[in-house]
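Engineer: Here is what each chain is made of, one letter per residue.
2 protein chains.
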Amino acid sequence: MLNQTPDAVRRITCIGAGPIGGGWAAHFLAQGYQVTSYLHDAAEYDGLMRLLETAWTSLESIGLAAGASLDNFNWTSDLAEATEKAEFIQESIPEVLPLKQALYKTLGDSVDANVVIASSTSGLSMTDIQADCATPARTVVAHPFNPPYLLPLVEMIGGEKTSAHTVEWTEQFYKIAGKAPLVMKKEIPGFIATRLQEAIWREALHMVANGEASVEQIDQAVVNGPGPRWALMGPCEIFHVGGGEGGMAYCLDQFGPALKLPWTRLEAPELTDELRNAMVDGCVEMTAGQDFASLSRKMNDGLVEIAKMKRRAKDQ
Amino acid sequence: MLNQTPDAVRRITCIGAGPIGGGWAAHFLAQGYQVTSYLHDAAEYDGLMRLLETAWTSLESIGLAAGASLDNFNWTSDLAEATEKAEFIQESIPEVLPLKQALYKTLGDSVDANVVIASSTSGLSMTDIQADCATPARTVVAHPFNPPYLLPLVEMIGGEKTSAHTVEWTEQFYKIAGKAPLVMKKEIPGFIATRLQEAIWREALHMVANGEASVEQIDQAVVNGPGPRWALMGPCEIFHVGGGEGGMAYCLDQFGPALKLPWTRLEAPELTDELRNAMVDGCVEMTAGQDFASLSRKMNDGLVEIAKMKRRAKDQ
Numbered sequence: 592m593l594n595q596t597p598d599a600v601r602r603i604t605c606i607g608a609g610p611i612g613g614g615w616a617a618h619f620l621a622q623g624y625q626v627t628s629y630l631h632d633a634a635e636y637d638g639l640m641r642l643l644e645t646a647w648t649s650l651e652s653i654g655l656a657a658g659a660s661l662d663n664f665n666w667t668s669d670l671a672e673a674t675e676k677a678e679f680i681q682e683s684i685p686e687v688l689p690l691k692q693a694l695y696k697t698l699g700d701s702v703d704a705n706v707v708i709a710s711s712t713s714g715l716s717m718t719d720i721q722a723d724c725a726t727p728a729r730t731v732v733a734h735p736f737n738p739p740y741l742l743p744l745v746e747m748i749g750g751e752k753t754s755a756h757t758v759e760w761t762e763q764f765y766k767i768a769g770k771a772p773l774v775m776k777k778e779i780p781g782f783i784a785t786r787l788q789e790a791i792w793r794e795a796l797h798m799v800a801n802g803e804a805s806v807e808q809i810d811q812a813v814v815n816g817p818g819p820r821w822a823l824m825g826p827c828e829i830f831h832v833g834g835g836e837g838g839m840a841y842c843l844d845q846f847g848p849a850l851k852l853p854w855t856r857l858e859a860p861e862l863t864d865e866l867r868n869a870m871v872d873g874c875v876e877m878t879a880g881q882d883f884a885s886l887s888r889k890m891n892d893g894l895v896e897i898a899k900m901k902r903r904a905k906d907q
Numbered sequence: 592m593l594n595q596t597p598d599a600v601r602r603i604t605c606i607g608a609g610p611i612g613g614g615w616a617a618h619f620l621a622q623g624y625q626v627t628s629y630l631h632d633a634a635e636y637d638g639l640m641r642l643l644e645t646a647w648t649s650l651e652s653i654g655l656a657a658g659a660s661l662d663n664f665n666w667t668s669d670l671a672e673a674t675e676k677a678e679f680i681q682e683s684i685p686e687v688l689p690l691k692q693a694l695y696k697t698l699g700d701s702v703d704a705n706v707v708i709a710s711s712t713s714g715l716s717m718t719d720i721q722a723d724c725a726t727p728a729r730t731v732v733a734h735p736f737n738p739p740y741l742l743p744l745v746e747m748i749g750g751e752k753t754s755a756h757t758v759e760w761t762e763q764f765y766k767i768a769g770k771a772p773l774v775m776k777k778e779i780p781g782f783i784a785t786r787l788q789e790a791i792w793r794e795a796l797h798m799v800a801n802g803e804a805s806v807e808q809i810d811q812a813v814v815n816g817p818g819p820r821w822a823l824m825g826p827c828e829i830f831h832v833g834g835g836e837g838g839m840a841y842c843l844d845q846f847g848p849a850l851k852l853p854w855t856r857l858e859a860p861e862l863t864d865e866l867r868n869a870m871v872d873g874c875v876e877m878t879a880g881q882d883f884a885s886l887s888r889k890m891n892d893g894l895v896e897i898a899k900m901k902r903r904a905k906d907q
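Sequences listed follow chains A and B, in order.
Plus 591 on top of the position in the first sequence (first one is 1) and you've got the working numbering.
Plus 591 on top of the position in the second sequence (first one is 1) and you've got the working numbering.
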């Protein structure tokens with residue numbers, strides 16, 4: 592099957608020209624790829640160009656890959672033409688299952704079976720999307736965060752008929768292409784990042800509904816409180832550092848009982864020994880070789896940078 | 592009562608020398624105040640000095656206020672001496688109610704009733720803390736985020752016997768002293784920021800407990816996905832921008848049904864017209880005068896800065 596190594600890919604086709612499809616095109620262009628966008632309707636052209644120009648300003652400022660240029664961009668409203676020479680396809684059409692199924696049926700017949708087709712879907716399952724596709728082994732979910740050219744996350748999972756090789760190949764490809772792929776262990780509604788984000792969002796809605804906080808207070812609480820930390824470390828590493836020399840083990844042994852407190856509407860799971868150890872071992876493994884002093888220096892240095900950045904923005 | 596205006600305060604006493612009490616001392620010193628720390632035990636001195644030195648490196652890098660100096664720091668293990676000349680007291684002793692009650696009883700008799708005493712408590716209520724205090728009107732909860740010298744949030748609320756004037760005075764004082772005070776509408780367990788943080792944390796624990804994600808995957812999902820946005824905007828403004836020209840109204844009208852989806856273990860509140868309008872009005876008010884283009888530029892510019900910062904850290 593997939594007869595090309597991930598580092599050999601030069602030509603990418605982005606299907607869909609909305610914020611996600613256009614954002615992917617901008618990302619791949621900045622990484623130096625040849626990109627062809629398929630526009631369902633030529634009328635989407637102006638919006639896509641505006642998106643690419645806005646994105647390019649940001650991307651130039653961060654730094655482009657060697658050879659990256661907007662001159663490497665093409666577009667067409669002819670699907671066959673768009674996919675003809677593609678070595679990788681990123682699909683970002685609307686989240687309507689019958690639309691996706693019809694597209695994958697078409698692509699399944701027309702596109703070389705060695706070419707991976709990755710779907711940006713945030714909620715549909717690849718098992719459903721690939722249902723009518725004659726060559727489903729090379730299809731995979733690859734859900735980005737918006738804007739895809741500034742946030743590196745790509746949550747990945749195959750469908751029932753996706754080959755393990757496709758998942759591995761695509762994970763490798765995204766790493767080469769400057770993304771942070773995350774292959775999920777199980778297909779869960781909302782995947783990982785959206786579930787975490789949705790938990791905050793629902794708690795926020797409850798507070799507004801109950802008159803406990805205003806919209807502005809919720810946002811201020813995040814931006815002036817835990818928010819800057821989340822740009823630097825995830826919730827587990829933050830508590831691992833928060834536990835001082837004792838790390839996550841200290842945190843859980845000390846503050847475990849707080850999980851029983853009504854500190855959010857979300858009920859906590861039982862803190863079994865198994866869960867406690869999974870959290871502790873996971874933190875130790877994740878931060879391998881970094882002791883408390885170096886982790887807390889990393890956190891402080893990052894918060895200093897964010898504080899300076901905010902001061903600059905305010906002074907402007 | 593409080594006979595001094597908030598901008599006249601020069602001498603601050605920090606009671607407690609742990610990470611929070613010491614962090615407050617560092618913050619006030621960097622803002623140019625005279626600071627006296629009360630150490631329950633002189634043996635805490637070395638740890639406090641290490642904390643102040645670490646903090647000072649960060650604070651110098653961000654920029655000190657005129658006249659700020661570590662020379663403005665004093666310490667003592669004599670409570671009467673520590674509080675004798677205080678014009679503002681920040682209390683950060685352990686979260687043990689009888690300890691706090693005893694302290695506030697002592698301070699209530701010995702400290703001039705015109706001096707505000709603010710408690711860093713993250714979970715106790717001021718109504719309980721001030722129970723045995725003879726002069727409770729000037730006591731108030733003022734909960735910081737750790738480290739208090741890098742994260743500006745201070746969640747504030749009075750107890751039953753706290754005067755409204757004390758809350759207003761202290762809010763004003765913190766603004767002058769470089770903090771971002773947030774006066775809560777109601778006393779709720781965990782206040783606002785911890786509730787939001789706890790919602791994420793519990794969802795993360797559920798995912799690990801169910802084998803749906805590893806510790807490292809949860810952290811990567813946050814840091815490479817929604818995390819960098821939360822350093823710049825709260826969850827409400829993020830969706831307000833995410834809704835494009837239509838803002839929060841578009842988001843709620845379009846994605847409201849997603850609140851019924853099992854995207855986290857936290858059940859969402861009913862999206863009544865009242866809640867919808869509260870969210871929309873709150874966003875419009877909070878972002879007054881900024882249209883979609885300027886909000887999304889602000890977000891993109893911030894994400895670019897964070898991306899550049901991370902690249903620098905990686906290259907080091």
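Please note that the accuracy of each hint is not assured.
If several chains are the same, the list does not tell them apart, and a pair holds so long as it fits within one copy or across any two.
To be verified - Under the rule of at most 25 Å between Cα atoms (straight-line distance), these lysine-lysine pairs were calculated in the DSS-like manner:
1) Lys901 with Lys766
2) Lys696 with Lys851
3) Lys905 with Lys851
4) Lys776 with Lys901
5) Lys777 with Lys676
6) Lys766 with Lys905
7) Lys905 with Lys752
8) Lys777 with Lys851
9) Lys776 with Lys766
10) Lys899 with Lys766
11) Lys676 with Lys766
Because the hints were derived from the structure by calculation, they are not lab data.
Being a predicted model, the structure only gives us computed values, none of them experimental.
Engineer: Evaluate each hint against the coordinates.
Structural biologist: These are the hints, each one checked on the structure:
{"no.": "1", "hint": "Lys901 with Lys766", "result": "between (30 Å within a copy, 16 Å between copies)"}
{"no.": "2", "hint": "Lys696 with Lys851", "result": "neither (50 Å within a copy, 30 Å between copies)"}
{"no.": "3", "hint": "Lys905 with Lys851", "result": "neither (40 Å within a copy, 39 Å between copies)"}
{"no.": "4", "hint": "Lys776 with Lys901", "result": "neither (37 Å within a copy, 27 Å between copies)"}
{"no.": "5", "hint": "Lys777 with Lys676", "result": "neither (33 Å within a copy, 61 Å between copies)"}
{"no.": "6", "hint": "Lys766 with Lys905", "result": "between (35 Å within a copy, 15 Å between copies)"}
{"no.": "7", "hint": "Lys905 with Lys752", "result": "neither (52 Å within a copy, 38 Å between copies)"}
{"no.": "8", "hint": "Lys777 with Lys851", "result": "between (27 Å within a copy, 21 Å between copies)"}
{"no.": "9", "hint": "Lys776 with Lys766", "result": "within (18 Å within a copy, 46 Å between copies)"}
{"no.": "10", "hint": "Lys899 with Lys766", "result": "between (30 Å within a copy, 18 Å between copies)"}
{"no.": "11", "hint": "Lys676 with Lys766", "result": "within (22 Å within a copy, 60 Å between copies)"}
Checked against the numbered hints given earlier, the structure breaks hints 2, 3, 4, 5, 7 and satisfies all the rest.
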